[in-house]
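Undergrad: Residues per chain, in single letters:
Number of protein chains: 2
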Amino acid sequence: MESAPAIQKLLDELERMPGVGPKSAQRIAYWLLNADRATALRLADAIVEVKDSVHFCKRCFNYAEDELCEICASSRRDPSAICVVSEPRDIAAIERTAAYSGVYHVLGGALSPMEGIGPDDLRISELMARLASEDVTEVLLATNPNVEGETTAAYLARLIKPLGIKVTRLASGLPVGGDLEFADEVTLGRAIESRRVL
Amino acid sequence: MESAPAIQKLLDELERMPGVGPKSAQRIAYWLLNADRATALRLADAIVEVKDSVHFCKRCFNYAEDELCEICASSRRDPSAICVVSEPRDIAAIERTAAYSGVYHVLGGALSPMEGIGPDDLRISELMARLASEDVTEVLLATNPNVEGETTAAYLARLIKPLGIKVTRLASGLPVGGDLEFADEVTLGRAIESRRVL
Chain A
1 MESAPAIQKL
11 LDELERMPGV
21 GPKSAQRIAY
31 WLLNADRATA
41 LRLADAIVEV
51 KDSVHFCKRC
61 FNYAEDELCE
71 ICASSRRDPS
81 AICVVSEPRD
91 IAAIERTAAY
101 SGVYHVLGGA
111 LSPMEGIGPD
121 DLRISELMAR
131 LASEDVTEVL
141 LATNPNVEGE
151 TTAAYLARLI
161 KPLGIKVTRL
171 ASGLPVGGDL
181 EFADEVTLGR
191 AIESRRVL
Chain R
1 MESAPAIQKL
11 LDELERMPGV
21 GPKSAQRIAY
31 WLLNADRATA
41 LRLADAIVEV
51 KDSVHFCKRC
61 FNYAEDELCE
71 ICASSRRDPS
81 AICVVSEPRD
91 IAAIERTAAY
101 SGVYHVLGGA
111 LSPMEGIGPD
121 DLRISELMAR
131 LASEDVTEVL
141 LATNPNVEGE
151 TTAAYLARLI
161 KPLGIKVTRL
171 ASGLPVGGDL
181 EFADEVTLGR
191 AIESRRVL
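Residue numbers (UniProt numbering), protein chains in the order written: chain A, 1 to 198; chain R, 1 to 198.
Chain A extracted, bound-state conformation (with noise of 0.2 Å):
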């Protein structure tokens, strides 16, 4: 196709974001063609100031504007309670659910022995000085629940558990909504394991 240069360029790079195949970019691109110059230079702007001005929270290692991100520097939010996350991303996914008051830690990953990532790969050393200076009382363990996340949750309750401080995982069960029929044995096993008394 002989498309112009600059045009050709922004479709390289609109590929490179996750989930945007082909059609998508040129979508996008002849969407940005069209629009007003103000919108395309507003995403232009966010683009860049994001990358200038949002670094990790020296405390949690969310992503933050100001030397704490906004859930550690907010009074409202609950010191004694750390959630314990892989990524960023996952703070935003329990955010969501409005059903967490305290803090977050972030690990930067989880533990795989099979990518050669270890327990000095990750941000264990920066928690537990936390739970070593600050007043903690819970550390609800969020890594994701596959065997990465797993691994990396039992080898931190065997670090933790002996500090005397509450060790909490994230339940594992039947998605709500979901259907018996068209669970996975593990997920279903799991859901008859952990059952609950009504």
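Treat the hints as calculated values from the structure; they're not laboratory data. Misleading hints may appear alongside valid ones.
No copy labels: a pair is met if it fits in one copy or bridges any two.
[Said to hold, decoys possible] In silico DMTMM-like cross-links for lysine to aspartate or glutamate, where the CA-CA straight-line distance does not exceed 20 Å:
1) K9 x D45
2) K9 x E185
3) K58 x D78
4) K23 x D66
5) K9 x E70
Add chain R to chain A, keeping to what the hints say.
TA: Here is chain R on its own, set in the frame of chain A:
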């Protein structure tokens, strides 16, 4: 959700893009936060550059960086055939087929009495001026095969035929690789009407 204002601003701008909902916007935002600075800035630059350097080709109204688009400026294209399309993105679709070697004319829409789009809102007078000044032997009407596109094609055919120029229309019929069973009755009816002698 308490997220940094710069991230929220980026999410808002990303969600304006076509085909990008809140979930995709978040995925792209976290990808940008994770990406190295150069990758993110290349995307921002590509957006700015496309708005700065791309405008309409003064002959065919395709997107162009110079006075003429790459197709109008190419010596390998046949200027005696003009393919009339509604939007520049239609040119990209036709170019992908590699089945056409002429030049184009972009109307900038299609006739739509419902939406109040009449002949004066499209680049029809510009097309007629080209037909008067250029040496054109065929006009291929490649507007969409829907009500507005067919109306526009019929209107243009009535206008151009008296000039003694051959006017053609994209064939309608079953999509290649399609299934009779799943074809809608209008398409199948058109395929029967336009049946070819083998």
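Undergrad: Each of the hints needs a verdict: does it hold here or not?
TA: Taking the hints in turn, this is what the structure says about them:
1. K9 x D45: The answer is both: 18 Å in one copy and 10 Å across copies each meet 20 Å.
2. K9 x E185: neither (47 Å within a copy, 42 Å between copies)
3. K58 x D78: The answer is within: 18 Å in one copy meets 20 Å, while 63 Å across copies does not.
4. K23 x D66: neither (38 Å within a copy, 25 Å between copies)
5. K9 x E70: Only across copies: K9 and E70 sit 15 Å apart there, 36 Å inside one copy, limit 20 Å.
In this structure, the hints that do not hold are numbers 2, 4, in rising order.
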